[in-house]
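J.: Here is what each chain is made of, one letter per residue.
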Amino acid sequence: MKVLKASRIERCIGCQICSMTCARQVHGLLSWQTAGIRIKSSGGISTGFEARYCMACQDPICVKACPTGALRPRVGGGVKLSKKDCIRCNACAQVCPVEAITFTETGFPVVCIHCGLCAKYCPHKCLEMVEPEIAHAYDQPEVTA
Amino acid sequence: MIGSDFRIIVVDLSTGKAEIERLPERESAIGGSGLGVYLFERFGLLHEDWDHPDQPLIFSIGPLTGYFPLMSKTVCSFKSPYHNQFTESHAGGRSALSLRFAGVDALVVKGRAQNPVFLVVGSKKIEVKDAHYLWGMDVIQTGRIIRNMVKTAQGHRSILRIGPAGEKGSAMACINADTYRHFGRLGAGSVMGAKNLKAIVLLGDSDLPLPETDNYKKVWQETYRLIHDSGMMHKYHDLGTPANLTRLNELKSLPWRNLQASYDPEAERISGETFAKGHLLRNLACSGCPIGCIHVGFIRQKFTKDNRYYYRQMAYDYEPIYAVGSMLGIKDPVSILKLIDKADRMGLDVISAGVALAWATEALERGIVGTKETIEAYSFGNGAAYLNGMEHLARASNDFYARLAQGTLKAAEAFGGAEFACVLGQEMAGYATGELFFAAQSLGFRHSHLDTGAYSYEQRHSARDLEPAIQFLLDDELPRCLLNSMVACLFSRKVYTKERLAICLEAVGLTDIATRLDEIASHIRRARWKLRFETGFDPDEITIPKRFFKVESWKGKVDKDYLLRLKKAYGEKIKEIALGTTTKDQGR
Chain A
1 MKVLKASRIE RCIGCQICSM TCARQVHGLL SWQTAGIRIK SSGGISTGFE
51 ARYCMACQDP ICVKACPTGA LRPRVGGGVK LSKKDCIRCN ACAQVCPVEA
101 ITFTETGFPV VCIHCGLCAK YCPHKCLEMV EPEIAHAYDQ PEVTA
Chain B
1 MIGSDFRIIV VDLSTGKAEI ERLPERESAI GGSGLGVYLF ERFGLLHEDW
51 DHPDQPLIFS IGPLTGYFPL MSKTVCSFKS PYHNQFTESH AGGRSALSLR
101 FAGVDALVVK GRAQNPVFLV VGSKKIEVKD AHYLWGMDVI QTGRIIRNMV
151 KTAQGHRSIL RIGPAGEKGS AMACINADTY RHFGRLGAGS VMGAKNLKAI
201 VLLGDSDLPL PETDNYKKVW QETYRLIHDS GMMHKYHDLG TPANLTRLNE
251 LKSLPWRNLQ ASYDPEAERI SGETFAKGHL LRNLACSGCP IGCIHVGFIR
301 QKFTKDNRYY YRQMAYDYEP IYAVGSMLGI KDPVSILKLI DKADRMGLDV
351 ISAGVALAWA TEALERGIVG TKETIEAYSF GNGAAYLNGM EHLARASNDF
401 YARLAQGTLK AAEAFGGAEF ACVLGQEMAG YATGELFFAA QSLGFRHSHL
451 DTGAYSYEQR HSARDLEPAI QFLLDDELPR CLLNSMVACL FSRKVYTKER
501 LAICLEAVGL TDIATRLDEI ASHIRRARWK LRFETGFDPD EITIPKRFFK
551 VESWKGKVDK DYLLRLKKAY GEKIKEIALG TTTKDQGR
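Here the protein sequences come in this chain order: A and B. So the first sequence is numbered by the working numbering: it starts at 1 and just counts up by one. So the second sequence is numbered by the working numbering: it starts at 1 and just counts up by one.
Just chain A, with the same shape it has in the complex (with noise of 0.2 Å):
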């Protein structure tokens, strides 16, 4: 199974429809913060933008710290939810070393699903879906000169 990879994002104009996609599609809200993925600039928009997503760990640590077993490994990497088995404790968003997992206004983790969607609709294919070995693609620009 493919996992999402923002393998361009030095590309990105910053216009956030791809957190504004997952949280329509997947989530059903109007956001762009209660989402899968997630842009952000650090230190102002002049540095240039950054994604907040899940790096699909092929055995990741958040599965190992939920207590409850919401939390199960997806295959290909990355997690699966299971909502009615979530106490709302935020152990997994604790130990995500990058800051993959978000909560809704209600507790409950979000975290990417790598689905794809968001990749869709990129204008400038930051964002793709690959192979889980292909770990980190490079930008091949359509030219060069």
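Just so you know, these hints were derived from the structure itself, not from any lab. Glycine included, every Cβ here is placed at the ideal spot set by N, Cα and C. Nothing false has been slipped in among the hints.
Computed cross-link-like contacts, DSBU-like style, restricted to lysine-lysine with a CA-CA straight-line distance of at most 30 Å:
1) B:LYS235 <-> B:LYS498
2) B:LYS217 <-> A:LYS125
3) B:LYS494 <-> B:LYS217
4) A:LYS120 <-> B:LYS235
According to the in silico footprint, chain A covers these stretches of chain B (three or more CB under 8 Å from chain A):
5) 62-69
6) 151-162
7) 195-207
8) 217-224
9) 284-290
Given the structure of chain A, go ahead and fit chain B onto it with the hints provided.
T.: For chain B alone, kept in the frame of chain A given last:
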């Protein structure tokens, strides 16, 4: 789901307290521009000056903001220091979505803080914080410090701030939005300054439910596809608005050296292609817009002999390149970018400032003023002098600059030289296309090229035919009133037709509005003009300086008689609209 009432936060800086108001009238005021008028009627002091402490500064968004792509702009409504009348200024960036996710349709700021402050507004926060240490600071530094002080909602917030020009009450002071966008014209920055308000941080820190209609997601996808397939992605993303420069120069419609010429054989030195090739760092987008029309250029500046450099980034567009490029006779992109950067830092509207300095240059050349007044020895093409000039203008360094900062014609009243002031209601936009544009900007609601597409019509029609030209202005204003109330970026006007807007409004549950768009557009247009007249607008008081009668565009020399007839006829039509005596405008 969009509520039928507006949810408004009203902050009173005199008391430091806020009120949440729920107001009806969604179905006639819609949002954005229409909401701005409605709120000014409610909170504004029509017959008090622009800097009266209780005058409101209003930021409003529309019913489609955040729900659809390119619904990404905020309307700022206020009484202008430029002419002491009601006006609007619009900006992109992140403020529109930040307001949406702060859970409000508009923010109204009234009152005056005792000492400089900045305001933080979010879905769970309203705070007025001391900012005395930021007073006098430029726009870029202010942004840096505030970003560090407010730790929440990074990436999902907007920082609006002013520079020295806004603190000094300049009629050319803008409000900078998120570094690269501006509520540019007609002095909104000074309304903030008069309130002792250095900055506003809008936190977009809540989630909203999706509309409950069956087809919202489908309509979103359809609309996104239409935008994607329309070609606008390429047009505005590629060279962006500077693509116009070469074409306008070829049409003898690009103002050069204070409009002493409308063509220059070396225009390619500052063309969109030249900027893209050598000076474009990257593109940015407003939140919720996939186009990314914001062109960020850069300069690399050596500051000591032993190879120490800093670099700076600044957004460029057609209008700034015209205002501090061709208008000042500057043909070096780096000098132009430095001037844009300087105007940005000072919190000056770059268009007004460039045109004002162009007038100062000609006034100096003609001996109407001396360097005692101008301080700098301006000559067209001398970028270094203009860099200092921006600072003088922003800080109102002496009597000359204090007057010039109130508008070029204000300076001309004191020193002479009104005949070559390039002012059409306010400092001209970059279109010397001919009589129709000159009449349209002179009387346009915002004195902007965005009120109607006169500049575009005139690039396609050479006949001096009054009736169809006036009809075009009238017809073209109406859909813009609608778009500005939604609030859509005007680049999307070919996609967001009345029919598409109706589909989108229905998809967010506003079916009644969707079926009455003609009526509502007429109502909003009339309400805007009515308020404008009530705050002192009189088309007959606006004069067209002689310089405009000497312009020679692709259509030939300007026909003075035709221009004055156009202005008179358009003024009469606007009066009819405001009074509600035209049949089309009796919708409500």
